[in-house]
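A.B. asks: In order, the protein sequence lines correspond to chains A and B. The numbering of the first sequence is numbering that gives the first Met the number 0, which starts it at 0 and goes up by one. The numbering of the second sequence is numbering that gives the first Met the number 0, which starts it at 0 and goes up by one.
Hints may contain errors.
Cross-link-like lysine-lysine pairs, in silico, DSS-like; alpha carbons within 30 Å at most [stated by the list, open to error]:
| id | chain 1 | residue 1 | chain 2 | residue 2 |
| --- | --- | --- | --- | --- |
| 1 | A | Lys311 | B | Lys192 |
| 2 | B | Lys350 | B | Lys21 |
| 3 | B | Lys352 | B | Lys21 |
| 4 | A | Lys311 | B | Lys352 |
| 5 | B | Lys350 | A | Lys311 |
| 6 | A | Lys311 | A | Lys173 |
| 7 | B | Lys243 | A | Lys311 |
Honestly, the hints are just simulated from the structure, not real lab data.
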Amino acid sequence: MNETSLFSAAFLTALFSSGVRQSIPLIYGSVGDTVSERSGVMGISLEGEMLFGAFFAYLFALRSGSLWVGVLMGAVAGMLSSLIVAVWSVLFRQDQSIVGIMFNILATGFTNFLNRMIFGTSNANISIDTFQPIAIPGLSKIPVVGEIFFNQDILAYLSVVLAAAVFFVLRRTKLGLQLGAVGENPRAAQAAGIPVYRVRVLSYMFCGFAAGVAGASLTLSTVGTFTEAISAGRGFICLAIVILSRWNPLTALVASFGFGSIQALQIRLQVQGSALPYQVFVALPYLITVLVLALAGHNIRAPRELGVPFEKESR
Amino acid sequence: MKRLSFFRESLAHYQGASRARKLVILLLSVAAAMLVGSVLILAVGANPLEAYYYMLIRPVTSISSIGEVAMYFTPLLLVGIGVAFAFHAKLSNLGGEGQMLFGALGMTLVGIPPVGEALGMWSLPLGILLGILMGALWAAVAGFFRVRFNASEIVVTLMLNYIAKQFISYVVFYPLRSGAEPQSARIVASLPKLYEGSRINWGVILALLLTVGYAVVIRRTRFGYHLRALGGSRRAAEYSGVKKNRYYFLALALSGALCGLAGAVQISGNTMRLMEGVAGDFGFSGIVVAMLGSLHPAGMVIAALFMALLEAGSMTMQVRTGIPVSFTSVLEALIVLFILLGMAISAAQSKRKKVSKT
Numbered sequence: 000m001n002e003t004s005l006f007s008a009a010f011l012t013a014l015f016s017s018g019v020r021q022s023i024p025l026i027y028g029s030v031g032d033t034v035s036e037r038s039g040v041m042g043i044s045l046e047g048e049m050l051f052g053a054f055f056a057y058l059f060a061l062r063s064g065s066l067w068v069g070v071l072m073g074a075v076a077g078m079l080s081s082l083i084v085a086v087w088s089v090l091f092r093q094d095q096s097i098v099g100i101m102f103n104i105l106a107t108g109f110t111n112f113l114n115r116m117i118f119g120t121s122n123a124n125i126s127i128d129t130f131q132p133i134a135i136p137g138l139s140k141i142p143v144v145g146e147i148f149f150n151q152d153i154l155a156y157l158s159v160v161l162a163a164a165v166f167f168v169l170r171r172t173k174l175g176l177q178l179g180a181v182g183e184n185p186r187a188a189q190a191a192g193i194p195v196y197r198v199r200v201l202s203y204m205f206c207g208f209a210a211g212v213a214g215a216s217l218t219l220s221t222v223g224t225f226t227e228a229i230s231a232g233r234g235f236i237c238l239a240i241v242i243l244s245r246w247n248p249l250t251a252l253v254a255s256f257g258f259g260s261i262q263a264l265q266i267r268l269q270v271q272g273s274a275l276p277y278q279v280f281v282a283l284p285y286l287i288t289v290l291v292l293a294l295a296g297h298n299i300r301a302p303r304e305l306g307v308p309f310e311k312e313s314r
Numbered sequence: 000m001k002r003l004s005f006f007r008e009s010l011a012h013y014q015g016a017s018r019a020r021k022l023v024i025l026l027l028s029v030a031a032a033m034l035v036g037s038v039l040i041l042a043v044g045a046n047p048l049e050a051y052y053y054m055l056i057r058p059v060t061s062i063s064s065i066g067e068v069a070m071y072f073t074p075l076l077l078v079g080i081g082v083a084f085a086f087h088a089k090l091s092n093l094g095g096e097g098q099m100l101f102g103a104l105g106m107t108l109v110g111i112p113p114v115g116e117a118l119g120m121w122s123l124p125l126g127i128l129l130g131i132l133m134g135a136l137w138a139a140v141a142g143f144f145r146v147r148f149n150a151s152e153i154v155v156t157l158m159l160n161y162i163a164k165q166f167i168s169y170v171v172f173y174p175l176r177s178g179a180e181p182q183s184a185r186i187v188a189s190l191p192k193l194y195e196g197s198r199i200n201w202g203v204i205l206a207l208l209l210t211v212g213y214a215v216v217i218r219r220t221r222f223g224y225h226l227r228a229l230g231g232s233r234r235a236a237e238y239s240g241v242k243k244n245r246y247y248f249l250a251l252a253l254s255g256a257l258c259g260l261a262g263a264v265q266i267s268g269n270t271m272r273l274m275e276g277v278a279g280d281f282g283f284s285g286i287v288v289a290m291l292g293s294l295h296p297a298g299m300v301i302a303a304l305f306m307a308l309l310e311a312g313s314m315t316m317q318v319r320t321g322i323p324v325s326f327t328s329v330l331e332a333l334i335v336l337f338i339l340l341g342m343a344i345s346a347a348q349s350k351r352k353k354v355s356k357t
């Protein structure tokens, strides 16, 4: 294909519009993880919670005929499954990386198991009608920008609302302050009367809830069916987004859009062919993350007690 | 200052615990996981005893199926001791998959024509060495980031998996592609078989020898002693003159070297060609081996054997009982989660005892 069509307005509009769709699960996942990381718990298990969300959202949407029932059950599945991680890593204070990885293995195995048992071995799962784009009156008429940002489905709009709400809660409310205190200095937080365990467990459950919605958006917003390991590493990309955006949900919104657009570009190049192999684009988000960790690592300040279990009884 | 996490504390407690106590925790964990697994099997209307027969007993009933078990056993054990090295230094190497892929690439580069033909039989040891080196280098990237930029090795090793996967995908799609399928040419020299009529090969012996090497390094050398000291208490180790950064770097590189070897063995003893997904899930299931074997050399051999039986038997189980292969992942993860639970409870109990004594 020639250069002019690659940079034509029509191509870019379609590309970034698809980029927004690709970024929806990333937004939910990274906003959820921002909350739990602020309180000191790393979301290594995000990937697995997304899978739980994706599977149960699909299952319930299919059986009930309602996409909203699907989203709700996906969110609940993500939240309930995150409870396992919360109990093991917060209450029993086990290593978050090991618990997280084991949980991901469990989630991959369990959702594949259920998928096979319920829908049989054929790979052709029944497709369901996905969420349809809603054009926002007025705004969607703006050239290019309108098509990209204001002609998306309801989960996309809600993801922005969620990011803004979380930003507000973290920055402007007592709850946000307490959350940050638990992640920065749990001992002082405990002395100030903040229930450290409860805050950590609840914020991790919120992360599971958001990851569940992220999974639901995979099956109900774009694909319309469940395929094994559908999350395909998005949970780990979310961890990268959280680091890149420095634990700020609004920046995470922008970073997610960037990663979503790279994903959209990669899909297009795979179809159309390009001078560069498509693997470069698939690897790009991970490469960027590693490089940013190196180049900006000194400036990035993670919550001080991130990943460190807190022991209540200690002096 | 970071306090010693309770995980390390309970792991340390667990490793200091009596053999009997450890064994009780392990056996109870396996039993509990199998019990939960039984409930899952019953829920889908199958017979748990039949399923466990196919997973644990059937694989050892013939020479050829024992060969299949060996195909899983070797990489499981190698990755297991690899991540165990990192665990001793309080580091989590979640990048076994990427390191295996680079090890596999190293073996392939030397093993396929024209280099392989020129080297003949020598391509095998040289390929293995290059595989080890490339695995170590890939892990050293994470080690360098950890030491130089204080970047979490957990996140970096995870990210490096995806980069490695895409790199290998690129390599087998373009430069090394041979024929219609995205895979490399066949390597010239493969690992010799141990027994005709079965796929079992010298990879098994290599893995067992390295397990002995692991035991010696961890228990009998200064390096191993310092590694464990760092894992026990970083501050105390640093005060006594252990160079933290050097050991972190070396621990990750060594960990990657063993994973790289696992990748090289996977090519030269199993697939004979480089292709996508050649590292399977060994990067993560190797962590299960290390945990189930509680970082103990003999323990990890038994753990790798147990897991190899599960994975080799799961295909037959799926065909005969209709229970999907993915059941084994559920079982593996449950086992480790129960072990962690057992460790936490056991450590908390002994702590309470200590408190009540004083």
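A.B. asks: Against this structure, judge whether each hint is valid.
C.D. replies: Now for the hints, and whether the structure bears them out:
About 56 Å separates the Cα atoms of Lys311 (chain A) and Lys192 (chain B), which puts this hinted pair outside 30 Å; it is violated. Of the pairs offered as hints, the one joining Lys350 (chain B) and Lys21 (chain B) holds, with about 16 Å between alpha carbons and a cut-off of 30 Å not exceeded. The straight-line distance between the Cα atoms of Lys352 (chain B) and Lys21 (chain B) is roughly 18 Å, inside the 30 Å bound, and the hint therefore holds. A hinted pair counts as satisfied when its Cα atoms are at most 30 Å apart, and Lys311 (chain A) with Lys352 (chain B) qualifies at roughly 18 Å.
With a C-alpha separation of about 14 Å, the suggested pairing of Lys350 (chain B) with Lys311 (chain A) holds against the 30 Å cut-off. Between Lys311 (chain A) and Lys173 (chain A) the CA atoms are separated by roughly 22 Å; this keeps the pair inside 30 Å, and the hint holds. For the hint linking Lys243 (chain B) to Lys311 (chain A), the alpha-carbon distance of about 29 Å falls within 30 Å, and the restraint holds.
In terms of the numbered hints stated before, the structure departs from hint 1 and from no other.
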